[in-house]
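**Q** So the sequences go chain by chain: A and B.
Be aware that the first sequence starts at 1, since it is given in this note's numbering, and climbs by one per residue.
Be aware that the second sequence starts at 226, since it is given in this note's numbering, and climbs by one per residue.
It should be emphasised that the hints constitute simulated quantities derived from the structure, not laboratory data.
There may be inaccurate statements among the hints.
As the list claims (entries may be wrong) - For each label pair, taking beta carbons as the anchor points, the in silico distance ranges come out as:
#1 B:A375 with A:V73: 33 to 43 Å
#2 B:K373 with A:A97: 32 to 42 Å
#3 B:L471 with A:Q57: 29 to 39 Å
#4 A:L55 with B:G453: 47 to 57 Å
#5 B:R234 with A:H29: 52 to 62 Å
#6 B:R304 with A:I80: 24 to 34 Å
#7 A:R195 with B:Q239: 36 to 46 Å
Claimed, not checked - For lysine-lysine, the following DSS-like pairs were computed, each having C-alpha atoms within a straight-line distance of at most 25 Å:
#8 B:K396 with A:K204
#9 A:K83 with B:K241
#10 A:K92 with B:K452
#11 B:K317 with A:K92
#12 A:K83 with B:K396
#13 B:K231 with B:K243
#14 A:K89 with B:K336
#15 B:K336 with A:K92
#16 A:K196 with B:K452
#17 A:K89 with B:K231
#18 B:K396 with B:K336
#19 A:K92 with B:K248
#20 A:K83 with B:K330
#21 B:K227 with A:K92
#22 B:K396 with A:K89
#23 A:K89 with B:K236
#24 B:K330 with A:K89
#25 B:K336 with B:K243
#26 B:K236 with A:K92
#27 B:K241 with A:K81
#28 A:K92 with B:K231
#29 A:K92 with B:K396
#30 A:K89 with B:K241
#31 B:K373 with A:K196
#32 B:K241 with A:K92
#33 B:K236 with B:K336
#34 B:K330 with A:K92
Think of the CB as a built atom: it goes at the ideal place given N, C-alpha and C, for glycine as much as any other residue.
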Amino acid sequence: MSGFFNSSIGRKYAMALSAFFLMFFLLQHFAINIVSVFSPGTFNEVSHFMGTNPLIQYAVQPILIFAVIYHFVMGFVLEIKNKGSRNVKYAKNHGAANSTWMSRNMIYSGLAILAFIVLHFIDFWFPEINTKFIQGDWSGTLEGVEGYRYFEELQHKFVEPWRVGAYVIAFVLLALHLMHGFTSAFQSIGSTAGRKQTMQNIGKAYSILIPLGFVIIALFHHFNH
Amino acid sequence: MKLTLKIWRQKGAQDKGKIVDYKVSDISEHMSFLEMMDVLNEQLVNSGEEPVAFDHDCREGICGMCSMHINGEAHGPDRGVTTCQLHMRMFKDGDTITIEPFRAKAFPVIKDLVVDRTSFERIQQAGGYISVNTSGNTQDANALPISKHAADEAMDAAACIGCGACVASCKNSSAMLFVGAKVSQYALLPQGQVEAADRVKNMVAQMDLEGFGNCTNTGACEVECPKGISLENIARMNRELVKASLIKF
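Looking at chain A on its own, in the form it has when it is part of the complex (with noise of 0.2 Å):
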């Protein structure tokens, strides 16, 4: 299989495997933060429980982190590809009369989503790995904090107006990413399931609905702290 893997359809395989996870991964993110807006305290239980659990941070936790990584890596490495594919660009080219905007310009808007991913693992994923894997504090717990603290951090993220902007921006890219993204994983595993009408409306409101929703997390934090 390793010959499946180094070839042009193997890549798309992979990128399509690693997509699905990640959305999976996503879904399972949004689920957990929605619950910050109505119930403080399940979405601390809920934090602590996916923070301290062994086999999310030392099974699941490695394998987002290869998936992400290996997404991006992958992502540019066939951007380079396709891009040396082509050595002389054609003076007039009609790309909007055959395909989307989404679709033509996915390294675009995976460079936002990095971008975005950088500063989102700056303001919780770097401090989480260091109290919890350097610090060596497990307890879930902050000096002065009634409970535990990740409601805490979550609303204080969201204070300065910049970055609930940046969060934004980077919700509508990767909106955008999706609404090609979905679909297209099916076709690279051999699915013609993304065609169907039924699976391009799931994807669609899956594309919306779910960065919809961290929007609004995010709204709501900025302006209920």
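Got chain A sorted already, so can you dock chain B onto it with the hints?
**A** For chain B alone, coordinates are given in the frame of chain A:
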């Protein structure tokens, strides 16, 4: 109609090439695009200039030779037609039309609008065939029962004329619609099963070797294909390669 043509002129494979402007007049809307090019070339020959080199043969949309990129689209703005089937009624008096060769590293320009598409031939040679005993006792193909659905799908895939519009339209210069169609037309039929695994592996390997890009499922190829080859053929090729890799890893 009076038209301004912006045409890619390139003396040979090593020449840098450039867009050159030409004016043509008395173009009938009933002419085909290639007939309009003939008018231009007659004009150029009469004035002692080098005519524009372009590929053409049957002029009825079957041979797959004509290969122009017209106003930013392979085979021009119409759908389901090759350049030879494109009529001048698709344009208006006074229009400026940009005409370029199909662009891809795997389709190097030979001269002006003529490109070398033998990379497609090499992909075909890598597996686009079935082995049949032709020593006089060849079995009638109709002796094998084939479902109507499979026969129709195989026929649709076999409608690919290998013109290369899929490569020209794809932002990645991917040849996967062409290879997908060639893999599919055999994968759907019992005659193609014996060599199915080797076929897809060898054809994909040759496609990669030729320097075509990777498909990112924009669907541009399907829209621009003059024969309406469906993206489902790419999905089928992907499935066939997974299957082949599991059988022969």
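**Q** All hints are to be evaluated individually against the structure, with a verdict given for each.
**A** Status of each hint after checking the structure:
1. Taken as a hint, the range 33 to 43 Å holds for the pair B:A375 and A:V73, whose Cβ atoms sit roughly 40 Å apart.
2. A hinted range of 32 to 42 Å holds for the C-beta pair B:K373 and A:A97, which are about 35 Å apart.
3. In this structure, B:L471 and A:Q57 meet the distance hint of 29 to 39 Å, their C-beta atoms being roughly 33 Å apart.
4. Separation of A:L55 from B:G453 is about 50 Å and conforms to the stated range, judged on CB atoms against 47 to 57 Å.
5. At about 55 Å, the CB distance of B:R234 to A:H29 agrees with the hint of 52 to 62 Å.
6. The given range of 24 to 34 Å is respected by B:R304 and A:I80, whose C-beta atoms sit roughly 32 Å from each other.
7. A C-beta distance of roughly 43 Å is found between A:R195 and B:Q239, which places it inside the suggested range of 36 to 46 Å.
8. At roughly 23 Å between alpha-carbon atoms, B:K396 and A:K204 fall within 25 Å of each other, so this suggested pair holds.
9. Simply put, A:K83 and B:K241 have alpha-carbon atoms about 19 Å apart, close enough for the 25 Å limit, and the pair holds.
10. Distance restraint check for A:K92 and B:K452: the Cα-Cα separation of roughly 23 Å lies within the 25 Å cut-off, and the hinted pair is therefore satisfied.
11. Among the hinted pairs, B:K317 with A:K92 is consistent with the structure: their alpha-carbon atoms are about 18 Å apart, no more than 25 Å.
12. A C-alpha spacing of about 8 Å is found between A:K83 and B:K396, which places the hinted pair at or below 25 Å, so the restraint holds.
13. Using a Cα cut-off of 25 Å, the hinted pair B:K231 and B:K243 holds, with the two alpha carbons roughly 10 Å apart.
14. Proposed proximity of A:K89 and B:K336 is supported: the alpha carbons are some 17 Å apart, at most 25 Å.
15. Among the hinted pairs, B:K336 with A:K92 is consistent with the structure: their alpha-carbon atoms are about 19 Å apart, no more than 25 Å.
16. A C-alpha spacing of about 22 Å is found between A:K196 and B:K452, which places the hinted pair at or below 25 Å, so the restraint holds.
17. As the CA atoms of A:K89 and B:K231 are separated by approximately 15 Å, the hinted pair is consistent with the 25 Å bound.
18. For the given pair, B:K396 sits about 23 Å from B:K336 by alpha-carbon distance, which is consistent with the 25 Å threshold.
19. Distance hint between A:K92 and B:K248 is fulfilled; the C-alpha atoms sit about 19 Å from each other, no more than 25 Å.
20. Note on A:K83 and B:K330: the hinted pairing holds, with a Cα-Cα distance of about 10 Å set against a maximum of 25 Å.
21. Note on B:K227 and A:K92: the hinted pairing holds, with a Cα-Cα distance of about 21 Å set against a maximum of 25 Å.
22. A hinted pair counts as satisfied when its Cα atoms are at most 25 Å apart, and B:K396 with A:K89 qualifies at roughly 10 Å.
23. For the given pair, A:K89 sits about 18 Å from B:K236 by alpha-carbon distance, which is consistent with the 25 Å threshold.
24. Pair hint B:K330 plus A:K89 holds up; C-alpha atoms about 10 Å apart against a cutoff of 25 Å.
25. Note on B:K336 and B:K243: the hinted pairing holds, with a Cα-Cα distance of about 12 Å set against a maximum of 25 Å.
26. With a CA separation close to 21 Å, the supplied pair B:K236 and A:K92 stays within the 25 Å bound.
27. The hinted pair formed by B:K241 and A:K81 meets the criterion: a straight-line CA distance of about 23 Å does not exceed 25 Å.
28. Between A:K92 and B:K231 the CA atoms are separated by roughly 10 Å; this keeps the pair inside 25 Å, and the hint holds.
29. Restraint check for A:K92 and B:K396: satisfied, since their Cα atoms lie roughly 13 Å apart, inside the 25 Å limit.
30. Simply put, A:K89 and B:K241 have alpha-carbon atoms about 13 Å apart, close enough for the 25 Å limit, and the pair holds.
31. Distance hint between B:K373 and A:K196 is fulfilled; the C-alpha atoms sit about 22 Å from each other, no more than 25 Å.
32. A hinted pair counts as satisfied when its Cα atoms are at most 25 Å apart, and B:K241 with A:K92 qualifies at roughly 17 Å.
33. Proximity of B:K236 to B:K336 is assessed by CA-CA distance (about 6 Å); at most 25 Å being required, the pair is judged to hold.
34. Of the pairs offered as hints, the one joining B:K330 and A:K92 holds, with about 17 Å between alpha carbons and a cut-off of 25 Å not exceeded.
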